[in-house]
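Peer 1: Next come the chains, spelled out residue by residue.
Protein chains: 2
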Amino acid sequence: MTTSISGRTVDALLPPFLKHDAIAYIENDILYIRDRRRLPLESVYVECRSTEEAARAIKAMVTQGGGPLEVALLSFLLASKRGENLDRTVDVLSSARPTNSTMRRTLSFILEEVKEGKSAERAVQGAFDYYDALYDEISDIGERLIEDGDGILTRCFPEHTFMLSVRKAADNGKHIRVYVPETRPYMQGARLTEPSLRAMGIECFLITDAMPAHFMAEGRITKFMTASDLALSDRTIVNKTGTLSDAIAACRYGIPYYAFSLSIDKEARRESIVLEERDGWGEEGFGAKMLYPLFDVIPSELVTGIITKEGVI
Amino acid sequence: MTTSISGRTVDALLPPFLKHDAIAYIENDILYIRDRRRLPLESVYVECRSTEEAARAIKAMVTQGGGPLEVALLSFLLASKRGENLDRTVDVLSSARPTNSTMRRTLSFILEEVKEGKSAERAVQGAFDYYDALYDEISDIGERLIEDGDGILTRCFPEHTFMLSVRKAADNGKHIRVYVPETRPYMQGARLTEPSLRAMGIECFLITDAMPAHFMAEGRITKFMTASDLALSDRTIVNKTGTLSDAIAACRYGIPYYAFSLSIDKEARRESIVLEERDGWGEEGFGAKMLYPLFDVIPSELVTGIITKEGVI
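Sequence order for the protein chains is A and B. Residues in the first sequence are numbered consecutively from 1347, following my numbering. Residues in the second sequence are numbered consecutively from 1347, following my numbering.
Bear in mind the hints are in silico, worked out from the structure with no lab data behind them. Treat the hints with care, since some could be wrong.
Which copy is meant is left open, so a pair is good if it fits within one copy or across any two.
The list that follows gives simulated cross-link-like pairs (lysine-lysine, DSSO-like), each with its CA atoms no further than 27 Å apart [as the list claims (entries may be wrong)]:
1) Lys1405 <-> Lys1569
2) Lys1520 <-> Lys1461
3) Lys1427 <-> Lys1635
4) Lys1612 <-> Lys1520
5) Lys1464 <-> Lys1520
6) Lys1365 <-> Lys1520
7) Lys1427 <-> Lys1569
8) Lys1569 <-> Lys1635
9) Lys1464 <-> Lys1405
10) Lys1514 <-> Lys1655
11) Lys1464 <-> Lys1514
12) Lys1514 <-> Lys1461
13) Lys1365 <-> Lys1635
14) Lys1461 <-> Lys1635
15) Lys1405 <-> Lys1514
16) Lys1427 <-> Lys1461
17) Lys1655 <-> Lys1427
18) Lys1635 <-> Lys1612
19) Lys1464 <-> Lys1569
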């Protein structure tokens, strides 16, 4: 049985890669996660039969952005069916992507609900419904920030809220162009963002990671909009490496930078952000020493606004 | 016969890819250009039997940076041997890389010398000697700007003057680290710069094109140094796309940006710079529309100094 989630209005507007069942689904009590590292050329799902396997897949970047949240919710559901210790389940899943505090907080929230007597099915379904409604609300706000004629730069794969904002803007007759950096080394921009925008009929250009400032200087980019892996209450943003560079250039050219956030992390402090850093990224190195910091910290003075359900902060 | 050029002191210090005969050489009146697009994994030379073939190779990026100058000089020598109209030869070669005004001016200069009665051999040899001496002088000045403990960011393949500066600094006991962006789409950083630095025993790290600001924010980068495809007398620099983004970030973090220049173009004006733009860069596009501007224009206020033989301007 495929887990089916209600609230399909949002799903219908989303590009193919972001529809719920295209991110992850359950069949015969096995969790299948679509391997984003191989999109768009291959559509392959990674099978997970335990919480540990799901956590390993998240850690290995099988899915990213909003993907880990959906995977974690479905994995929680299966763990509950298997009668696992759910405190441990939540720990294992949360630690697979420490920067993703939305996932951690959502898991803690549904864990509390289950402890208070709600069924795991209803708690997980409630979380999915909550996020679908949230995507819808936030993208209404994002849509209003987009003007006819905008050239919008993004970074990495900005997922539901950005995609829905752009889609709604286009549906409202606004003519926009989106500039998509490849996002090395995993090429999320080339593999996920650009094909998703194209599938929605949005005019878009693939550029290398070093080109945003060039197009800003030329006046072709008028807005910079990204998702955020973490948003702090002092308006500091944590997002894919490269966002800092773009935000600095945007600031210089007077281009507003907006980050979408599902929820502001009110507890995290800038000093305590632990950024994941990896050693390298594979075969291109020819023996080189490589550095791979996953995320940038973008200080609040470079952030024009955070787009949340409460409005633009 | 391999064209042998005097002034070998500089050649001995250079990394393997930059030694004269490793850039291009003449054998049996055929010009062989090493295909930089395939380095470091394959060492392949492109054969050119006419001025047109040499110009096409330059246009197709078989060689870049300082490579086109050496190719153009050797090609001029062969054209003279074949009794071609040398005005036309200079036109054809110069228009293969319009941004490279050093190549154009050098060709015009030796053309005048030949018209005044010098042999093509002596004119070309004189140009090679001039540039070897120039690399030596400029890199002495570059070396003095490098301090013990520096973390130096570069961009693309900064060639002779940068490589010699770094080599001399290391030989003088200064401990330095170089951060090398891959430089998509042709990966000059990954394929040429990083292996060249490693071959000289310099500690270096390969990073993606989006990461420089990250390491600047962390305090690991203390200088930004690049070559320049064009330097104007108002201190505007034209260099590989991405240089603008890095220069903006360097400015924000108070990190000095120095560009090496063999000769300031006193005639070119900022308004009249025609930047080469290409449509795409190959197979990664999956059908995407791609933009590929080759060069950035870096305004003088972002340039701390231009390193020339006259000193730091």
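Peer 1: Does each hint hold? Answer for all of them.
Peer 2: Tested hints:
no., hint, result
1, Lys1405 <-> Lys1569, "neither (32 Å within a copy, 34 Å between copies)"
2, Lys1520 <-> Lys1461, "neither (47 Å within a copy, 62 Å between copies)"
3, Lys1427 <-> Lys1635, "neither (45 Å within a copy, 47 Å between copies)"
4, Lys1612 <-> Lys1520, "neither (35 Å within a copy, 46 Å between copies)"
5, Lys1464 <-> Lys1520, "neither (44 Å within a copy, 65 Å between copies)"
6, Lys1365 <-> Lys1520, "within (24 Å within a copy, 55 Å between copies)"
7, Lys1427 <-> Lys1569, "neither (46 Å within a copy, 57 Å between copies)"
8, Lys1569 <-> Lys1635, "between (35 Å within a copy, 20 Å between copies)"
9, Lys1464 <-> Lys1405, "neither (29 Å within a copy, 68 Å between copies)"
10, Lys1514 <-> Lys1655, "within (16 Å within a copy, 57 Å between copies)"
11, Lys1464 <-> Lys1514, "neither (35 Å within a copy, 70 Å between copies)"
12, Lys1514 <-> Lys1461, "neither (39 Å within a copy, 67 Å between copies)"
13, Lys1365 <-> Lys1635, "between (38 Å within a copy, 24 Å between copies)"
14, Lys1461 <-> Lys1635, "neither (48 Å within a copy, 51 Å between copies)"
15, Lys1405 <-> Lys1514, "neither (33 Å within a copy, 43 Å between copies)"
16, Lys1427 <-> Lys1461, "within (15 Å within a copy, 90 Å between copies)"
17, Lys1655 <-> Lys1427, "neither (33 Å within a copy, 74 Å between copies)"
18, Lys1635 <-> Lys1612, "neither (37 Å within a copy, 40 Å between copies)"
19, Lys1464 <-> Lys1569, "neither (43 Å within a copy, 58 Å between copies)"
In this structure, the earlier hints numbered 1, 2, 3, 4, 5, 7, 9, 11, 12, 14, 15, 17, 18 and 19 are contradicted, and the remaining ones agree with it.
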